[in-house]
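We have chain A; now place chain B onto it with these hints.
Just so you know, the sequences run in chain order A and B.
Position one of the first sequence corresponds to residue 1 (full-length UniProt numbering), numbered consecutively onward.
Position one of the second sequence corresponds to residue 1 (full-length UniProt numbering), numbered consecutively onward.
Mixed in with the good hints there might be a few duds.
Because identical chains share one entry, a pair is satisfied inside a single copy or across any pair of copies.
[Claimed, not checked] Straight-line distance between alpha carbons at most 27 Å, and here's what the computed BS3-like set of lysine-lysine pairs gives: (1) K68 - K348; (2) K100 - K187; (3) K68 - K46; (4) K377 - K131; (5) K248 - K355; (6) K385 - K119; (7) K69 - K231; (8) K235 - K338; (9) K355 - K10; (10) K242 - K144; (11) K338 - K69; (12) K83 - K93; (13) K69 - K348; (14) K46 - K329; (15) K336 - K355; (16) K355 - K385; (17) K385 - K336; (18) K238 - K248; (19) K199 - K93.
Keep in mind the hints are simulated off the structure, nothing from the lab.
2 protein chains.
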Amino acid sequence: MTNFFSSNFKLGILGGGQLGKMMLYDTRKYDIQTYVLDPNPNAPCKIACDHFQLGNLMDYETVYNFGKKVDLITFEIETVNVKALAQLEKEGKKVYPSSKTLENIQNKGKQKLFYKENKIPTANFIRFSNKAHLTEGITNNRMKLPFVWKSTQGGYDGKGVSIVKSGADLVKLPDVECIAEELVNFKNELAVIVARSPKGEIKTYPVVEMEFHPEANQVEYVICPARIEDKIAEKAVKIAEKVSKAFKHVGILAVEMFLTQNDEILVNEVAPRPHNSGHYSIEASYTNQFEQHIRAILDLPLGATESKVGGIMVNLVGAEGHTGDVVYKNIEEIMKMKGVTPHIYGKKQTRSFRKMGHVTIINENIDEARKIAEKVKNIIKVVSK
Amino acid sequence: MTNFFSSNFKLGILGGGQLGKMMLYDTRKYDIQTYVLDPNPNAPCKIACDHFQLGNLMDYETVYNFGKKVDLITFEIETVNVKALAQLEKEGKKVYPSSKTLENIQNKGKQKLFYKENKIPTANFIRFSNKAHLTEGITNNRMKLPFVWKSTQGGYDGKGVSIVKSGADLVKLPDVECIAEELVNFKNELAVIVARSPKGEIKTYPVVEMEFHPEANQVEYVICPARIEDKIAEKAVKIAEKVSKAFKHVGILAVEMFLTQNDEILVNEVAPRPHNSGHYSIEASYTNQFEQHIRAILDLPLGATESKVGGIMVNLVGAEGHTGDVVYKNIEEIMKMKGVTPHIYGKKQTRSFRKMGHVTIINENIDEARKIAEKVKNIIKVVSK
Numbered sequence: 001m002t003n004f005f006s007s008n009f010k011l012g013i014l015g016g017g018q019l020g021k022m023m024l025y026d027t028r029k030y031d032i033q034t035y036v037l038d039p040n041p042n043a044p045c046k047i048a049c050d051h052f053q054l055g056n057l058m059d060y061e062t063v064y065n066f067g068k069k070v071d072l073i074t075f076e077i078e079t080v081n082v083k084a085l086a087q088l089e090k091e092g093k094k095v096y097p098s099s100k101t102l103e104n105i106q107n108k109g110k111q112k113l114f115y116k117e118n119k120i121p122t123a124n125f126i127r128f129s130n131k132a133h134l135t136e137g138i139t140n141n142r143m144k145l146p147f148v149w150k151s152t153q154g155g156y157d158g159k160g161v162s163i164v165k166s167g168a169d170l171v172k173l174p175d176v177e178c179i180a181e182e183l184v185n186f187k188n189e190l191a192v193i194v195a196r197s198p199k200g201e202i203k204t205y206p207v208v209e210m211e212f213h214p215e216a217n218q219v220e221y222v223i224c225p226a227r228i229e230d231k232i233a234e235k236a237v238k239i240a241e242k243v244s245k246a247f248k249h250v251g252i253l254a255v256e257m258f259l260t261q262n263d264e265i266l267v268n269e270v271a272p273r274p275h276n277s278g279h280y281s282i283e284a285s286y287t288n289q290f291e292q293h294i295r296a297i298l299d300l301p302l303g304a305t306e307s308k309v310g311g312i313m314v315n316l317v318g319a320e321g322h323t324g325d326v327v328y329k330n331i332e333e334i335m336k337m338k339g340v341t342p343h344i345y346g347k348k349q350t351r352s353f354r355k356m357g358h359v360t361i362i363n364e365n366i367d368e369a370r371k372i373a374e375k376v377k378n379i380i381k382v383v384s385k
Numbered sequence: 001m002t003n004f005f006s007s008n009f010k011l012g013i014l015g016g017g018q019l020g021k022m023m024l025y026d027t028r029k030y031d032i033q034t035y036v037l038d039p040n041p042n043a044p045c046k047i048a049c050d051h052f053q054l055g056n057l058m059d060y061e062t063v064y065n066f067g068k069k070v071d072l073i074t075f076e077i078e079t080v081n082v083k084a085l086a087q088l089e090k091e092g093k094k095v096y097p098s099s100k101t102l103e104n105i106q107n108k109g110k111q112k113l114f115y116k117e118n119k120i121p122t123a124n125f126i127r128f129s130n131k132a133h134l135t136e137g138i139t140n141n142r143m144k145l146p147f148v149w150k151s152t153q154g155g156y157d158g159k160g161v162s163i164v165k166s167g168a169d170l171v172k173l174p175d176v177e178c179i180a181e182e183l184v185n186f187k188n189e190l191a192v193i194v195a196r197s198p199k200g201e202i203k204t205y206p207v208v209e210m211e212f213h214p215e216a217n218q219v220e221y222v223i224c225p226a227r228i229e230d231k232i233a234e235k236a237v238k239i240a241e242k243v244s245k246a247f248k249h250v251g252i253l254a255v256e257m258f259l260t261q262n263d264e265i266l267v268n269e270v271a272p273r274p275h276n277s278g279h280y281s282i283e284a285s286y287t288n289q290f291e292q293h294i295r296a297i298l299d300l301p302l303g304a305t306e307s308k309v310g311g312i313m314v315n316l317v318g319a320e321g322h323t324g325d326v327v328y329k330n331i332e333e334i335m336k337m338k339g340v341t342p343h344i345y346g347k348k349q350t351r352s353f354r355k356m357g358h359v360t361i362i363n364e365n366i367d368e369a370r371k372i373a374e375k376v377k378n379i380i381k382v383v384s385k
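Extracted from the complex, chain A is given alone in its bound form (with noise of 0.2 Å):
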């Protein structure tokens, strides 16, 4: 048995960003070795690992070499170079999730086929390889507006997404590889966390509702417990473990879904990592996702999964029409509150819509914590000098 803690192990993790620097709270917490690889050199994972590479995630050679350094890898986005983890693969190393897992998430296109072969629900769709195709499915009425687009590669956050009602709205679109999906009217949106160790044992976390900004298509609120009746939360719970066993996940997958009008789920996309949507996780659950998701690469028994009390986490994003040096203005006035927790990411600089942290509320009572979380979006702006 491997000894991780304090010891001469090595944890490679593929991304610098606030995810991995989430992550190294419990690397630390564990003491366990941490390597990570970026091409940010103010990546928020700089400090905190024990030792910062400079490099492109999509590089071959450069992932490649760096997983030769590690013992076991991980990965906390999911653009990184799959053919290099597949030979480290071949080469005996652990790479968690695996690299046939992450290719079939990385293209959308991929992950929505998965779906239908591995009878998963997910909304209807059609891949098209470039925006000639897709016009012409159009056309051809093969799929009808209003649909939603999506770009098979690359796209999150709202990024490389898009509903398209009308010719003019197709017109905008990128000439890249997508898939058109039949749009879902749906009642709430939902995930579910879970966490699958390599030998098989599976957690799942309660299911979160989300709520997501009309224009930046950004998550706003992630509420914890989800105001869902418990048959169908017991429901997106089997659907999400289903997902998992399915890709053979190892670590924390995020399962998004859809609850329809009629109460069907559709699983929307998922994610092979900690995930924003259990950043609530930290301050409410028992295990957070981080932990968790290092409990999982490595083998250990998972941690309970329960919350200690009812959650909300709010986004931080950059105001509008603000760039420049960050200041987060009235975060004394939001710290005033029971229970408010602010998580500042490290980025130096705002932007329009950029994700610059989050802020979670607890609270025994959900509704409470509603309350405050409103409170909380209508006080603090981040905004630039």
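Here is chain B on its own, set in the frame of chain A:
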């Protein structure tokens, strides 16, 4: 108003041990720039701070020059050069807790006199300038056997403290300034963590109950909340707040107390910094003691001190007779249990009774937590390879 978050503000921390390491989780969370001074090149704080400086904490020049570089100075260990701190204050630098507070606490004789002067209940004692005076005092019956001997300087975790039962015990004592204190026949040892900010805001954590290891004289369990009557808890909290105010303390103050057989409360000693008796707060409290310390010294609003769930802390100390590269034997066994989180401080070498980490056990039911804590204690062993 100062902007602390992702700004140029510099926080200096004297001492780079495990307390500093845990404090850095929260400076990272707030993205506050940190400078750490410690004599150990392998100090647990070395990574996760922005700037690490090797140096002697008792050296005037070192501490003074370090202090000049930062905007505000705090410490995670009391054995630092107070004169340098006083000079920095004179030159307008903020030092929290203040040099005056630290001076009153550093010397245990002074600390005890301070309690007398401020009408804070404490066990009767006599201060002796050296061993000859002590021996004379015992011979003249000024202090009766058995009594508690404490070196006035540099003692912690059972070092510099002895119970003197006989002339033979007396002979073994070192020749240093000391106090001889009446042995208190106590029911229970309690502690209260008080947070106080420069503007005088004060918040108190629930009373915790401590159980000591009989040989190592180190805390074995810290139980929150203490299983005592409400009126005794209220009395303990009042006394702790009085102590914090009397010291004009800023930051976290841990007030350790005895509960006597007659339900009297006597202050034993204080620690002017985050403390072992507050470690449970990382998992169990609305605001953990490290975040609270940061909030307090920066004069930010203090966070809620209520517990989310019951919490018990078990120290991980090196097993007797084991010296060398550390192994946390059976750590996977304890990680299977609900609400169990190990904290590994990052010391590569173990030795008998060395503080290597701690384990927190949380549960809605404190009696259930106590059962799990005992299992944890019996299962995990800190041994050498």
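Results for each hint:
1. Taking identical chains as interchangeable, the C-alpha atoms of K68 and K348 lie at most 27 Å apart only when they sit on different chains, with a minimum of 24 Å there against 33 Å within one chain.
2. For a Cα distance limit of 27 Å, the shortest separation of K100 from K187 qualifies neither inside one copy, at 33 Å, nor across copies, at 61 Å.
3. Both within a single protomer and between protomers do K68 and K46 lie at most 27 Å apart by alpha-carbon distance, with minima of 20 Å and 25 Å respectively.
4. For a Cα distance limit of 27 Å, the shortest separation of K377 from K131 qualifies neither inside one copy, at 39 Å, nor across copies, at 63 Å.
5. In this homomeric assembly, K248 and K355 never come within 27 Å of each other (Cα to Cα): the closest approach is 30 Å inside a single copy and 40 Å across copies.
6. For the homomeric pair K385 and K119, neither the shortest alpha-carbon distance inside one copy (51 Å) nor that between copies (50 Å) is at most 27 Å.
7. Proximity of K69 and K231 under a CA criterion of 27 Å is satisfied in neither setting, with 47 Å inside one chain copy and 59 Å between copies.
8. Taking the shortest Cα distances, K235 and K338 sit within 27 Å of each other only across copies (25 Å), while inside one copy they are farther apart (33 Å).
9. Proximity of K355 and K10 under a CA criterion of 27 Å is satisfied inter-copy only: 24 Å between copies versus 30 Å inside one chain copy.
10. Neither within a single protomer nor between protomers do K242 and K144 lie at most 27 Å apart by alpha-carbon distance, with minima of 30 Å and 72 Å respectively.
11. In this assembly of identical chains, K338 and K69 lie within 27 Å of each other by CA distance neither inside one copy nor across copies; the values are 45 Å within and 35 Å between.
12. Taking the shortest alpha-carbon separations for K83 and K93, only the intra-copy value of 13 Å comes in at or below 27 Å, while the best inter-copy value is 54 Å.
13. Taking the shortest Cα distances, K69 and K348 sit within 27 Å of each other only across copies (21 Å), while inside one copy they are farther apart (31 Å).
14. For a Cα distance limit of 27 Å, the shortest separation of K46 from K329 inside one copy, 26 Å, qualifies, whereas the shortest one across copies, 32 Å, does not.
15. Proximity of K336 to K355 under the C-alpha cut-off of 27 Å is restricted to the intra-copy arrangement: shortest distance 23 Å within a copy versus 35 Å between copies.
16. For the identical chains of this complex, K355 and K385 are intra-copy neighbours only, at 17 Å inside a copy versus 45 Å across copies, given an alpha-carbon limit of 27 Å.
17. Taking CA atoms no more than 27 Å apart as the test, K385 paired with K336 passes inside one copy only; the shortest distance there is 23 Å, against 48 Å between copies.
18. Within a single copy, K238 and K248 get their C-alpha atoms as close as 15 Å, which meets the 27 Å cut-off; across copies the closest is 56 Å, which misses it.
19. In this assembly of identical chains, K199 and K93 lie within 27 Å of each other by CA distance solely inside one copy; the values are 17 Å within and 55 Å between copies.
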